[in-house]
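K.L.:
Given the coordinates of chain A, assemble chains B, C, D, E and F onto it according to the supplied hints.
6 protein chains.
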Amino acid sequence: MLLEPISSLRFGRLLLTGAAGHLGRELRPRLKRYCDTLRLSDLSPLEQAGAGEETVVADLADQAAVESMVAGVDAIVHLGGVSTEMPWEPILAGNIVGLYNLYEAARRQRVRRIVFASSNHVTGFRRQDEVVTTRDPVRPDGLYGLSKAFGENLAQLYWDRHGVETVSLRIGSSYAEPKDRRMLATWLSFDDLERLLVSSLTAPVVGHTVIYGMSDNRTTWWDNRYASHVGYRPQDSSEQFRAAVEARQPSLDVADPATRYQGGAFVTQGPHD
Amino acid sequence: MLLEPISSLRFGRLLLTGAAGHLGRELRPRLKRYCDTLRLSDLSPLEQAGAGEETVVADLADQAAVESMVAGVDAIVHLGGVSTEMPWEPILAGNIVGLYNLYEAARRQRVRRIVFASSNHVTGFRRQDEVVTTRDPVRPDGLYGLSKAFGENLAQLYWDRHGVETVSLRIGSSYAEPKDRRMLATWLSFDDLERLLVSSLTAPVVGHTVIYGMSDNRTTWWDNRYASHVGYRPQDSSEQFRAAVEARQPSLDVADPATRYQGGAFVTQGPHD
Amino acid sequence: MLLEPISSLRFGRLLLTGAAGHLGRELRPRLKRYCDTLRLSDLSPLEQAGAGEETVVADLADQAAVESMVAGVDAIVHLGGVSTEMPWEPILAGNIVGLYNLYEAARRQRVRRIVFASSNHVTGFRRQDEVVTTRDPVRPDGLYGLSKAFGENLAQLYWDRHGVETVSLRIGSSYAEPKDRRMLATWLSFDDLERLLVSSLTAPVVGHTVIYGMSDNRTTWWDNRYASHVGYRPQDSSEQFRAAVEARQPSLDVADPATRYQGGAFVTQGPHD
Amino acid sequence: MLLEPISSLRFGRLLLTGAAGHLGRELRPRLKRYCDTLRLSDLSPLEQAGAGEETVVADLADQAAVESMVAGVDAIVHLGGVSTEMPWEPILAGNIVGLYNLYEAARRQRVRRIVFASSNHVTGFRRQDEVVTTRDPVRPDGLYGLSKAFGENLAQLYWDRHGVETVSLRIGSSYAEPKDRRMLATWLSFDDLERLLVSSLTAPVVGHTVIYGMSDNRTTWWDNRYASHVGYRPQDSSEQFRAAVEARQPSLDVADPATRYQGGAFVTQGPHD
Amino acid sequence: MLLEPISSLRFGRLLLTGAAGHLGRELRPRLKRYCDTLRLSDLSPLEQAGAGEETVVADLADQAAVESMVAGVDAIVHLGGVSTEMPWEPILAGNIVGLYNLYEAARRQRVRRIVFASSNHVTGFRRQDEVVTTRDPVRPDGLYGLSKAFGENLAQLYWDRHGVETVSLRIGSSYAEPKDRRMLATWLSFDDLERLLVSSLTAPVVGHTVIYGMSDNRTTWWDNRYASHVGYRPQDSSEQFRAAVEARQPSLDVADPATRYQGGAFVTQGPHD
Amino acid sequence: MLLEPISSLRFGRLLLTGAAGHLGRELRPRLKRYCDTLRLSDLSPLEQAGAGEETVVADLADQAAVESMVAGVDAIVHLGGVSTEMPWEPILAGNIVGLYNLYEAARRQRVRRIVFASSNHVTGFRRQDEVVTTRDPVRPDGLYGLSKAFGENLAQLYWDRHGVETVSLRIGSSYAEPKDRRMLATWLSFDDLERLLVSSLTAPVVGHTVIYGMSDNRTTWWDNRYASHVGYRPQDSSEQFRAAVEARQPSLDVADPATRYQGGAFVTQGPHD
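Chains as they are written, first to last, in full-length UniProt numbering: chain A, 1 to 273; chain B, 1 to 273; chain C, 1 to 273; chain D, 1 to 273; chain E, 1 to 273; chain F, 1 to 273.
One chain only, chain A, in its complex shape (with noise of 0.2 angstroms):
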């Protein structure tokens, strides 16, 4: 069942990018409540288009795709690209080339507003006993990270240059649950990420913000003190989840660096010999 809108705004065309992947999926009814025409845009196919919407295929490499899925668009949301640690190409295809692609065609045609999905690796090298907010310097915990920087860092370059705002989030954990004690900090409810992006899209001003993507859970290291005015409040918390992912990973080992750094499993896995 779908949530409430939390807002009776509606944007006329907005594009999801990435609607393929499983937040993709997980959005696509729920965005098309906020808009006459949700595009849906992904490298892998998509289910057929429904009412209201419009399938595009496109590869963010390709600057010329990129062009037409975003031709006349009100609004995006950018789901697209790698969306976990992965080997430095398709990284550098996806979340580099193709997001400056995405940006200058959203600059050309004056698209006025973008919902960025950055990440929480971002700041995955902080450690778990720290509280982090969107002002400290960023130390990413691996490549994906690293590019997912360089996507705030362009954002914040088209914001003060060109006037295309963006909201950043550095989404936690997007599951129906928790999987484990890592994600009783980070986990975000899909009702509360439908809540954030909403906020995001219809929030007056934004500039560039940058604000973490997690429910209202009873453990958090993230401090969005300095994001209260896109209006996200959470509704949701993992701690109905909690005795079930305790019996499932009773202890954990400080000394691990999956344990110590906020980053989990992505500040020691990866492509690296």
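If you're looking for bench data, these hints aren't it; they were derived computationally from the structure. Ideal placement from N, C-alpha and C gives every residue a C-beta, glycine not left out. Check each hint, because a few of them may be wrong.
Label pairs and their calculated CB-CB ranges [said to hold, decoys possible]:
no., chain 1, residue 1, chain 2, residue 2, range
1, D, P5, C, A255, 53 to 61 angstroms
2, D, A49, B, H162, 39 to 47 angstroms
3, C, A255, D, A243, 35 to 43 angstroms
4, C, A255, D, A49, 51 to 59 angstroms
5, F, P5, B, R112, 47 to 55 angstroms
6, B, A244, C, D256, 48 to 56 angstroms
7, D, A243, E, T133, 32 to 40 angstroms
P.N.:
For chains B, C, D, E and F alone, coordinates are given in the frame of chain A:
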């Protein structure tokens, strides 16, 4: 129906200035419950005094009148003076000379605490994508905001030098309901205004404390972290009015100063040629 | 009736020191549910051990006794030592020498985590119109607060150098109900104390974290923003007791140091000639 | 002998107000070298105009007189008004009404930059063992300091709203030499005052900048870190006068407010009954 | 004539990339004195290797070439890649792909320290009346600045994850002398550049440290307080060139973005259509 | 040859504790010039008293002896107690019990100011690539640093509660010359030590101030910005010794805790089994 009182403490004689204004009329029955005698004052005519009430007509610019107005009171809620952008002369008379007269009278008559209606326009030139604390430098958006900044500094002086305590309330938009999209962020319900006033009057120690006056709105630009000792906990939210407000005002132009700055229309309106 | 457990994690053997004190007795049945064996220790006699309990009489100033007391435990809740303002000698013995003995024993026996009952009196010379974070410089209000500041620094050392984790709880006023107007700000309900302790014991990573122990009171002087990773969420509030407390203590004198400073009466009482 | 000019830039017509005062007289020959025409104004009689000089007698409280005084100038060095603690009426006339008149004239006549003689008494209630930056909240020590805080806020408003740039100089103690031990910290030599003024006039961008005016004294309470873009580098020090000053004033009483607070004797002297 | 060496420490083999550029040529004889062998690399032809020199032609975008270039070196001074605003493609190749290649080679070959020529354009959208520290959020003024921000984040990652140390130098304007009024603030003399490089190479511990590269100019916008452990003490100043610069450029327009922002002309120039 | 006195102020009777130690012997002739009578105390034998000198043998752990030692003095320079890492018992006796005895004696006998030799080891667990201010949380590197942190807190208490002023000097490495590369950062020349002591003794108001004691070394980790009111201006630098030091210790291992942390070898040495 009146709010349940948030404190059982009672003052002997409490002075409410600006009692004929829109907030003064709203607060009259509310404050009555926290004192034995409520003295009401204004330059404009007031409704006849009821049981436990006294009325005084006084021009704040008239030092002798102010002295009489203050005689015998235990605490002051000061809403008097000019409460919106105006030409320099009335602002000078009401908010600068008038405030000096009020504090001089309070000093001489050993009034222990004043709750001073300052205004969010003290920081109206902050952008709507900024979050401001009460210790950040002021940036008034007009002569009205400038006069309120003067008032806060005067209050600080009378605490540091003369031991008169003040809570300066940077009131947002206190109306029955929010009138436009800006007020979704700045709205202060009348019940929350009462909560704020009574907390400010009854907190054991305030010295000179500055606090923003807003309800628990989903969106906010103001961070009261340095005023938690006041004990103000808003219970209302502008969210219930969102759909109606958005229907009236679906789109805003980020390039418009009235949208970009927290002061809204105040940043451009005013008496300047 | 006991609170629903806030974590399903269980320790093998948990040590509770100061178990014969007023908080120790309150926590005894509560902590039992989070461990297989609860070892209780005090200098004073303890009630007979029940199922899953062990009792130890130990003087903290006696290193060998402390070593035995700590043997075989997985974690420690340390309430032992002096818990109020006292002459120098007992404070030195219980809170300085005793604490050193406890941490040395924990280091040698590889106890992984200690929850240390520090005190709000570590910052008792802050004014009641100031809001303090756990990273602000300490300002103890007496020898007791001084000894607790020593304990926090010792805990930091044992984390940095020896890998023993500690959460230092700057406990406010933990009683069945608040006794005076100061405690409306500082009160910590017994249920919230349990929430705080269990969060501190079970959070995945704490290093050395300092956190104020208070309920969700309307008024507060303490900002736990740097400790949100602990996952403490108070559920109680002193507000229900306000009317009764205010009836007992309607007026306070701002000029009285016991009103002006957060430490209350501690800032003037004590053994000094 | 005059200091080597610190900039080769020249203004067409420069206005120096308060030119008959002790700093005005000192600056008259110094500023002449940085402009084609130096207009000198005061309420008191001025020495006859020399080559490249113009003199104007004007009451700052007289709006028409101020308008004439400002006509045709490129920049203003504003020393005019009251420059010490005085009763409210002259401070109101000279430093509040007078300053409003000056900025209104500057706005209407498109004067681009004003150097405003504010005062260290804007923060005179800071203790002498505190170090203050120009972004910390103000704490005026009297009506004079309060009026200067008003001036700084007015300057901020005219920059934010009208594009008139100001450097607000919180001048310490500018005399030929320090007169007492407090001035060992607050002294501003005349040469350094010239350096400060000329830097403030010629820095490419200042918006509204606040800066403390002090020489490179061994002891200081003021931190100009946010004003390094002004390019002020003091070259003098009070140290050469230390022995003489200490001989005159060997001991100070820490308990005396005039010793404890940065404002010195200002914190207790004044027109209050 | 060369500067007296500021350290007696010597490296075995030091790599200088971008050695054919204007700073590379300036540094070639200077760095030679701090190493047994100076390896010089560039995409452009280099002057023939002298005693103790080696030359390598390498394209940073060619991973194998970079691997060879890095083989056997103890430390790297990386000036290579694009050093001014350019279209996206060369910036991508030289400063993003090229930098990744360099760090991967350094990681695999266990090079311990890199001095990375970042740029002040990483924060070029700060205003000239703001003072910026190296921990404030970045605001690049173009694609070049964006690529340098990427480089700083990459350096942070390789320190946090792989133990490769970097000092990122946000170089101002390093020329024989300042060319315009902006460079009076941003100038870095060649001698001071050497001081900065050698400090960065020889400081015992740097982790990843960011530092602005500027001489001891009278005016500055940059605060290196978080980098004092590097031990950089500039000895030169732009002041000696002031009169000549001001003669060439007597007036600036505050409304011009090139005057208002720290990045100067970079904030508007560039390849955008 | 002795430094020119930096103040002409003189004390009646000044007490120097720890006078037989290496700093005590160095300071004995220097401090004599700032007082009529210099009382020298130590547990070890002292050289015979000269003109204007008194000698006292006293054990700091003996309260009565301390009381006599303090009788009749105007100010105290406290170097006594343990001055390096040691087992717990002597640190407890000298630096905890002994310090308590000293402050109690000072309180009872109304000594107005103490200069307390604290230590940089109070923050020895900061990394060498961090810059620390005197308001950052302490991180002692051993029992010695822990005892000095206790001393600073005790000094704060005696100021807040009893009006005894203290300057706590976090002394770096005060020797005739720096002995290793760490001391290039931490060195405090004897002349600068005198400057620091005399500034601390003669500054008009210090309350309780913490300041790092270091010369004007090219490299530093410590930021004294909050202590500029003390008026300490170092004149020496370790730079003259750099070549000799680097020759002795050309390479350091960043992975070695003694290199990585500010406390140097203290972070691993000590009495722990």
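K.L.:
Which of the listed hints are not met by the structure?
P.N.:
none
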